[in-house]
Every structure is written in C-alpha cells, then in structure tokens.
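Enquirer: Residue numbers for the sequence shown, in our numbering: 1 to 1000.
Please keep in mind that the hints were generated in silico from the structure rather than gathered at the bench. Be aware that one or more of the hints could be misleading.
[To be verified] Capping the alpha-carbon separation at 16 Å, the derived lysine to aspartate or glutamate pairs in EDC-like fashion look like this:
| # | residue 1 | residue 2 |
| --- | --- | --- |
| 1 | Lys217 | Asp360 |
| 2 | Lys760 | Asp865 |
| 3 | Lys914 | Asp865 |
| 4 | Lys962 | Glu187 |
| 5 | Lys551 | Glu448 |
| 6 | Lys500 | Asp513 |
[Unchecked claim] Label-pair restraints from in silico Cβ distances:
| # | residue 1 | residue 2 | range |
| --- | --- | --- | --- |
| 7 | Arg361 | Ser779 | 34 to 44 Å |
| 8 | Leu188 | Ile456 | 25 to 35 Å |
| 9 | Ala559 | Thr823 | 30 to 40 Å |
| 10 | Ser650 | Thr252 | 51 to 61 Å |
| 11 | Thr302 | Pro691 | 43 to 53 Å |
Heads up, the beta-carbon is just placed ideally off N, CA and C, and yes, glycines get one too.
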Amino acid sequence: MRVTNRNKLMASTIFGGSLLMSTLMATVSYAQDAVPPAEDEVVQEVVVTGSRIRRSSTKTSAPLTMIDAQTLTDRGVVQAGEMLNLTTSISASFPLADGTGNDAGTGQQFPNLFGMGAGRTLTLVNGRRFIASQSGMDGNAVDTNIIPSGLIKRIDVVQAGGAAVYGSDAIAGVINYVLKDDFEGAELDIQTGTSSRGDYNKNAIRATFGHNFDNGKGNLAFDAGWSSTDPLYWNDRPRSALGRVNVSSGNTNPSDGIPTVRENLDTRFWSFNTNGVIFATAPAPALNPDGTPRFILKSNGTYTQFNDAGTGLAAYDSGTPGGIPFSSGGDGFSYRELAALYTGVERSTATLIGHYDLTDRVKLYGEVTYAEVEGYDPYQSYQSNTVLNAPATGSGYIAFTRNNAFLTPDTITALTTASPSFGAGAPLFMSKIWADLWPSRAGEYITESYRALGGISGDFDAFDRNFYWDVSYSRGVTEGKSRGWGTITANLAKAVNAVKNSSGQIVCAVNADVSTTNDDVACVPINMFGTGNVTEAGRAYVSAEVGSDYKNTQDDFLATIGGDLINLPAGMVNFSLAYEHRKEEAEFNPLPANLNGTVGAGTKTLATQGEYKTDEYSAEVLIPIVGGDFTLPFVQALEVSGAYRYVDHSIAGNEDVWGAGIRWQVVDSFAFRANQSRNFRAPTLTQLFAPTSTALGSVGQDPCDFRYINSGPAPATRLANCQAEWTAAGRNPAALTTFQNDSTNFSSAMVTTGGNADLKNEVSETTTYGFVFQPTFLSGLTVVVDRFKVELENGLSAFAPVNFMSTCYDSSVRPVDVCSTFTRDATTGNVVTAVTTTYNAGQVNMEGEIYNVNYTFPLGKYFGDRDLGRLELGMEATHLALYETSVTGFDLTRTDGTTLQPEWTTRVDVNWSKGPYRASYSAFYLSEGKVNRTDTIENTPTPNIDANLRHSISAQYDVNEKLTVRGGVTNLTDEEPSYPTLNYGDILGRQYYVGLKAKF
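Kindly produce the complete structure, drawing on both the sequences and the hints.
Expert: Here it is, written out as structure tokens:
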C-alpha cells in the first residue's frame, strides 16, 4: 500500500477538524450547568499504554491486552517471556535450534507481535524506552529476561501500531511492562521445576523489599532475582531424537501422488564421523548413480574408517543412502549432535525503584536496573573437514600420505593393500568431525544491562483546568560478549602433516624439510586419526578463542505535559504534548582471531561503531463529542482522538506519523471503537553501515535444485525460469531433474556481506476496528472483538542468497537487480558468488481478528447462592486471515495457515478461588495447517500438520497471611509438537513446578 499525501491530509483533517469542533462546542459547554458525578461513579484515570493521555483502561480506541501479576503466578512462569509466549498475538520467542547446524541461540528472548519480527515490536518499561539487549548495531529489541518479574504490576500489550505516541519500531505493536511503585514489606519467592523426564530444570529465587518513609511521602523498593534453566539436547526428546529430515525420493513426476522427498530417520552425515572416513579421492560428483557414496576407500570390498584409537582400520557402515549429505543409520556423524535444542540460561536481576512527594503535587522518582543474562549453548559450533567442501573454506578434506608419523605399520600396510598408489606415495583423503580439537564446542553469551532513570512529575491547576507534567532522563548501557572456539586453519594444516625427523621424533613436516623459510617453531604435531588423540599442546596450537564484544549506550530525555483543554457538553477535551531527545550509540568489536581472519576460511570480521540522534515532537488530543449529560439516541458517548509525531532522525531523515481513533458508546453495554495510524521503523546501524566482507559460505535452498524446483509459491513459474536460464547458458535443461547445488549445504560459494547506506524508513498503515460488549443482564461478562489490518511497504528485508534466488526464480517478471546478485558456474550450474544485505523492498499485508472473552462471577450464583468461591473464565484468540509478504513488492507469498503463522491461536483460562484456595486450568491451541501453504503430497510426505492442544493446571494455597504455597503441571498430557515439526507445540513436554511465597 502506498502512503500518499491524501493519507496525510486525512489525518490532519481529523486532527484539525476535531479541534475546530471542540472549539465551536465550547460555547454550549459553558452555557450548561455542570453536574458533578456521584462519588461512587468516580473512575480513576491513569496513563494507559497506547496514549500519554490519562484515561480509563476500558476506554481505549485500539486493541489492548493486559496481563496482571496474578496471571504470571498462575502459569508458574520464571520470567516474563514465558507468559508473553502464551499471548495469542505474539509468536513464541524461545529460540530453538533448527537442526541445520545453526546453534540454539544466545538464550535471549525478544517479543515478536504477529510474527512480524522482534524489531517491529517496541518494548517499554513504565511507558519509556529501555536499553537494547542485543547489539545496538542490530536494533532496539529488549530481552524479556532482564525485566524484574517480582516488580511487575502488569504487562500491557498494544496490538498493531503506536509509533505516533512512542516513535520508531512500534509497527506490530508495543509491549509495556508496568512496575509496582509502592511496594511495602518484605517478600521471598522460591520456585523449582523439572520435566517429567528429569531434565530441563528451572529454578528461581526472588527477594523484594519495600518501605514507606516520611509519613508515606516516599517509598523505596528493591527487587533481586536469580533464575536458571538447563540446556536441552536433541536426544532428550522423542520427536527430535528421531533425527528426521526430508531427502530425495527419486520420484520426479509432479502429478503421480508420490512425494519428491521422503522421510529419513536416524539421519547421519555419511561423509564424516569422529574417527575419520577415508576416501580414495575427493569426489565430484559425490554419489554413484545408485545413490551410494563415491570413492570411500574399500578394504576387502568394505568401506573403511579409522578405529576409535586411530591405530588401525575398521569397517565403515555408510548407512542407507539419502543423497548429499545424509544417510539413515550407519556410522556417520549423527544429525542430532549438530546443535542443542535449547540454550541454558542463567539470569540475575536487581532493581531499585522509588519516589518522594516533594509536595502534594510534585513528585521525584527514580529507577535503577541491573541485569545479567548468561546463555550456555553446549553445541554452539564444531570443526569438520569433509571431501564435500572446498579446501579453501577451512573445512575441506585432509590429505595424508604414508609418511604421516602417526600411522602404524599395520595401518600403512592395510591402506596400501586397499590403495596401491598410497604405498607409492600418493595421498588419501580423510573426512572428519573433530571431537577433541577445541577445548570445548560450547558457546557462552553474557549480557549485562544497566539503566538509571530520574524524573520529576506533578500537576497544577490553571484557568479552571488541571494539568499534569513529567520530565525524565535515563541512561542505559548494555555490554555483551560471545565466546567460543575456532580453528586456526593454517596451523591445522601444518599440525596434521606430521613426520619423523632424523632423530626419530614426531614433528611438523614444515620443520623437517630442507627449507628453513617455512619453519614454525611453535608447531605441535597432531594425531588426527581416531578420537581423543589430540594433546593439550596440539589443541592450544590449532585453536583460538572466537567471539565478539558489543556495547550499547542510550540517552533518553522525555518531557510531557497534558491535561484539560476545553470543557464541552460531553466533558473535558484532554491533550498531551511531548518532546523526546534520544541518542543511541553502539560499538561492535570482534576478538583478535575474528578480526585478523586467522580462523575458518580466513574471513576478517571488522569492528564497527555508529550512533544516531533523534528529536521527536508529538501531540495527542482526546475529544468527547457526546457524553455525560449530553447524549443522543443510541449515542451514549462518542469521543475521537488524534495523535501526530514528527521525527528528525540524524541518519534516516524526517518522518511524519499519525494516529486517529474513535470510540462510540452506543448503550451502557455496547461500544464500538476504531483506530487508524501510520507507523514506521528506522533502519538499524548494521543495516546501514555494516562493513563489506567476502567469504566462502552456503547459499541455502537453490530454487533450481531438483529437491526444491517444484516448491515455492509458484512452482510452475520457478520451473520455467530455471529451464529458461539453463537453456540461455547453454546447459541442458533436462539436467535439472537431477541437478543438486553443492553450495546449498556446504560453504563453496563466495558470499559478500555488507550494509546498504541507501536504506530508508519502512512505513506501515494500520487499521483496527471492533466492539466491547458488557451486557447488563450478565454482570461480569466482557466480550471484546477487534479486526486489524496492517499494510507495510519499503520493508527492511534481510536478503540472504536464498532470498535473492527465490525472488529471482519465483517472480513472473524476473527483477534484473535481484538476479544479478548471484552467479553460477557456466558448466555445473552451481552458485559460485552471492550477496547478503538489506533492501527496502519488503511488503507485508496482514489481516485478522483478536477475540477476548472474560466472565467473572461467584460460582454459587448458579447453585442457590451458596458460597462456592469465585470463577474466572477467559478466552483469548487471534485469527490470522491473511499474512502475505513480498521481497520485491509485486509477488506476494502467503504464510497464513502455516506453522509459522497459524490461522488460529487460542488460549482458554479457568481460575477458581475461594478463601485461601486458588486453582487454575489453561489450554493452548494451534489450528491445523501446513509448513508451507503450497505443500501437497507431491512435494512432501507430510503436507498437512495436525492441530496442537496442550493443557496446564496449577493450584495455590494461602497457609496464612504470611505464607503461600503453589504448584502446577504445564503440558499436562505431555503433548508433543504436531508431527513432524519440533516447534508447532511444546517440545519440552510435561513439566512440574512447586513454589512458595513468604511475606515478612
């Protein structure tokens, strides 16, 4: 959708026209006698997320979900992100390893409304921006781990929009953590939990202290918390332990009801294991016509590997062939050991919050927050050397000859028998994944965040009006680091080439040849055969610590004033004005091994830094047109609202955003509301200025690869484009039926990565409308339904090679600028160069509804008014009717109704309480769908994914006024994710927890 001047005109007309209407009606207002409300009708008005104008939380014009502190207790959550994952409009934020060799993540969790990306969800604490948790070069997302759970009063979730009030990033919506500001007493909370399998332990302890002083004028509260969750491995759960992937079935008929791929279980990599698989030559192609591996060395007709000790040969079972690089079963390295399922996380937080009333109308306040989050991924990375990779990648094959000093005489004899040329001095080639080359495969991620905020607020009366104001300044700092291990490629090449010198000592060959120019006195020879033979000295020589440090700094000054403007017959016109100045600084510093390119393929990771400033001016107005004593038939109340924000960004330029809303109270029990807004997100520093670097890498799924050529949003278009390109290049298009791109899985293409200084803001327009129904005939029932529509253009899209290729071949008109970002080998068709960067080309169209139904009543109401306690029934559902994206702006791909964007996400809550007892039940439902909307039996053996339903229960008992105990079971029936996925549902399974809260 194009944002035109007409839209700006509409916004200014609504805003200005509303002000004009209020001015004209003011004369009527002053002519009437004001009737003060009865004391029992006074409604406390507060600042509700989505606006800086004080109002009742039930009278907003945009969708708003509130999660209170009791709900967090009922669900047994350790940190806020766990509860947000149960909010139906938020995509689950727990990172899960995808099994492609990617790690399980840092353990950080970022809210992601509607699955639009964490960068399009703005996080606030008490209505103010918070320091980013990830590298500030990459955006402003805030990790849910650092929020002090003990001080959470409620969590407000504004669905869709909010930029006119809060600024950049509020496209999908806003998450606002509202903290308690008047805690008194002392409280200790302890919780422990584990899964029904005795793993994934979760423990938490929290202490909160608060004290009023100076006759209640001031309050100080301190909260300190610690929690941890253990890592989880693929073999720890039945579904992931299957080791399932799809491999080619050999069937290429697109209309015979037989999938082009089949399930492969107990998946392994046939080309390598930890002992070392021996090849007679580096294969090209890697497979025989029957699908079996080519050129694995055979001894007596049997494939060979080194034995565990590395002292001889052993038979090697390559398993049942599954193409490149997979097999089923056998002795290859297990797919399940590539990565962990979940990263272990340890969190520590400390928060001091307080205020002091200087007068009855002026208050000083402040917040100090510290948080440390440490993620531990036991399988972050690995070193492999395989014949399927080019040697220049740092992960190619290792050649060895009979002169290698670690080969035993018997081994040399056996290898010579199997390969006579080896006995004459010719090399053999080994593929191996190393179990002992580094001190550890684990990765550690440590993030420390500090934030201090001080402010002064108050209110005053003037001109028979009440005004409130607030001035605050905050400074936040996040320091993060990641640590792991990498291989010094040049040193490994020297270390594995071990020979005996004239004294019979085992040394590196570079130190034993006739030349002295290549000597390396530090070189330590390594025994690469078998497992566990690398010495500490050898390990120190070939490995280096890898990782990076980053630092974010945020300075934020915010001043607001609001209050009464004009008295109308329907009530007072309210306004709010705000000025915000923000400075964001970020720096990224790789460790020396990364900076100098001494590890892996030799790619240098460059240090980067950047900063930007914004000056932002905003205005809001809330105008009651009808209301109070001024009513009309079927118009009990009518109010309109408008918001405007001007942003001056030092890099991305200027932006105008706006919002307009209406709320129509038809009768006591029914209200209609609607809201329209223009929102934006500025490009990140990384997207703008990331240094350019080129390195060998994989390109992902090549659309012309026979495994994917009949997939995608438009299979016929994809096939035709691939055939046309093959023909134009002089290659036989019939070869596409078997074409397999080597760089799909392996690092064999030169990939250039960098920023794009020409990026602009991405812009969206959001429309919501719905109703609130609170029937007078059924007290306690509230039904809220909102329809939302988001149209985003100029989207900041991260284009990896796979995105460029998909866009190129799935487009009916192939975009030249996109298709030119990658090149193919003239003969083989393999992708040999590619680009990764960011483009303003994305488009997102999203439509759906949000449903909230709540009914709270005394249970005895239906049983003769007996005292049976209180029952709270709740249902929240998000229906996604449309979710389509485009990277080019003209070819849209729908993902609604998939496991990525479910059509229906529903949560049902039942809470019962009576005296000291409280019990809760919750159900979470994901509707049936597909992994891809285009899935059929022709391209996958599992085209339809079943719905997923899981149940949780909990109970709480107040032993006395000082002590409360609780316990619960999440995923009561141990429901697995819907087959064959790992994430459409709960891979953790059944979990138990118990806890207690003591007050002093």
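Enquirer: Mind listing which of the numbered hints don't hold for this structure, in increasing order?
Expert: Hints 2, 9 are the ones this structure does not satisfy, whereas the remaining hints hold.
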